Amino acid sequence: MHPQAHGQSQLEPTVEKTAWEKVQFARHPKRPYTLDYVERILTGFQEIHGDRQFADDPAIVCGMGRLGSQPVLICGQQKGRDTKSRLHRNFGMPKPEGYRKALRIMQLAAKFQLPIITLMDTAGAYHGMDAEERGQGEALARNLREMSRLPVPVICVCIGEGGSGGALALGVGNRVLMLENSVYSVISPESCAAIIWRDKNRAELAAAALKLTAKEMLALGLVDGIVPEPPGGAHEDFDLAATLLKTALQEQLASLSGLSSSELVQDRYDKFRRIGSFFTGDTFSPNK
Amino acid sequence: MAWFKRSTEDKQKPTAEDSSERTVRTEGLWIKCDGCREIIWKKDLEATFNVCSKCSYHFRIDARTRLAYLFDDGVYEEHDKELASSDPLKFVDSKPYAERLELMQAATGLRDALISGTGLLLGRKVHICAMEPKFIGGSMGAVVGEKITRAVERAIADQAPLIVVSASGGARMQEGAVSLMQMAKISAALMRLDEARVPYVSVLTDPTTGGVTASFAMLGDLNIAEPGALIGFAGPRVIEQTIRQKLPEGFQRSEFLLKHGMLDAVVQRGEMRAYLANMFELLVGPVEAAAA
Ligand SMILES: [Zn+2]
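Sequence lines, in order, name chains R and B. Quick note on numbering that gives the first Met the number 0: the first sequence kicks off at 0 and runs consecutively. Quick note on numbering that gives the first Met the number 0: the second sequence kicks off at 0 and runs consecutively.
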């Protein structure tokens, strides 16, 4: 939860960081979070609260504002900066009501034809009794299905930790981008190591095996682009990091501006439909 | 106890005098129920859909058996059986994933953790996917994702209901984010099935957790479960580590989810066919009308 920051300043700019170093960057306690970007890239931001069913989950922030001249909805997981705010934000791990809030407001945005931007940054959806009782699985699942039919442009950006289903439930977009030092994974390296080697300390090996860096995800065809970060990482210069993100968002929105509602839904469908490689009959050699 | 005595007389329970060879052979014929500790003759258990007739404990069954129970006369046409994992990450843990796959394929006779079939259920054409819990924990990688997605597409094309029987620990770690994205792929396909207004019933069986619960297993027009199945997003051990306390008895079991409004019904395995047939008739009409 509270990793040590790496001495990235000692790294040569030309040296490619290891997967484990990327994990440390993605979790860096000084890394910009959703609201840090929101206040730098949007004007007139107005937060919108609550799922209208149970509660307002502070681990997900939703609201509307202007990106340049374009009104947009933005939602993303929100981590805290100090002990008090970390607890308040539940360490950025949303409960079902957080995902239900996000969906409610995404559907509101769709109703009024606003493009949707999501920022993914979570270790994962919360693993607690209350979350289970209120249907964490159902909340995540519903978001996946309903995001796939939103009739507006949806741009998703992994800004830090893309923690499994808890990230993906805000991640069904026409374009999915990753910040240069973010990671996106089906399981945390620690949990993966605990399963494989019964040893959380081998997370470094697991991180490499999981191919969770932006570069690897792009090579696997699982994301569409990489947003550069300031030298030394996003935490070194919030303003520049936000400018780079804003530029990427505006480019992506422009690239989708010619598509009709049904074309946007089709485009998003096709993007995910293609994912997954497998052998069919001829190329398969069973248990030689 | 009376039942046990009667059945032992009927079925010649092995005695202590039997040769060791006979003991070895007969051991496989008797099974201890995990629910009530009763010793059950295997043939009796099979006659009751692998459900204990004393305590109703539902034994885990493999995907082949599941499909045999659901389709009329156990007959169905299998689809996409040739699909196999390409090991997209070239994943190596304690042994290479490619090797693990070969072992699993040899052990189960399947190429991956799901069988997809089309056949009749009380005379109605249906598509059924059944997950294989013994194949890497019934985990979902690209093959499971693709096979379910294709089954959804078939259901849309011929307007025949879809049933997916889950038994899975979730997304398959060894295929990394490729597995994760299958959750979105299947859920998007189910969006289309929803728009086509073709019924989809998710049957959750023991255990259904992780990325499977967080995608297609919770997206049925009806989400139904077998009694006593463990169903959750996070597994019980993970939750106990998070909250640092023991979970109460029955937490995350089918009956608990029913009580908390997460399931439409808990249905006994032996009643499943009748339940499904009745619901399809109510939702889309009698078989003749649906076929017309
Ligand atoms: Zn029993």
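Calculated from the structure, these hints are not laboratory results. Computed from a predicted structure; not experimentally measured. Warning: the hint list may mix true and false statements.
Said to hold, decoys possible - Partner residues are not named here, just some residues of chain B that face chain R (Cβ under 10 Å, in silico):
id, residue
1, Glu81
2, Glu145
3, Arg153
4, Ile155
5, Ala156
6, Glu174
7, Ser186
8, Leu189
9, Thr207
10, Ile242
The C-beta atom is built at its ideal place from N, Cα and C for all residues, glycine as well.
Against the structure, the hints:
1. Glu81: Holds. Min distance 4 Å.
2. Glu145: Check passed: Cβ of Glu145 of chain B comes within 5 Å of chain R, closer than 10 Å.
3. Arg153: It is violated, given that the least Cβ distance between Arg153 of chain B and chain R is near 15 Å, above 10 Å.
4. Ile155: With a minimum Cβ separation of about 12 Å from chain R (threshold 10 Å), the hint on Ile155 of chain B is violated.
5. Ala156: 15 Å, violated
6. Glu174: 8 Å, holds
7. Ser186: 4 Å, holds
8. Leu189: 6 Å, holds
9. Thr207: 9 Å, holds
10. Ile242: Holds - the Cβ of Ile242 of chain B comes within 10 Å of chain R, reaching about 6 Å at its closest.
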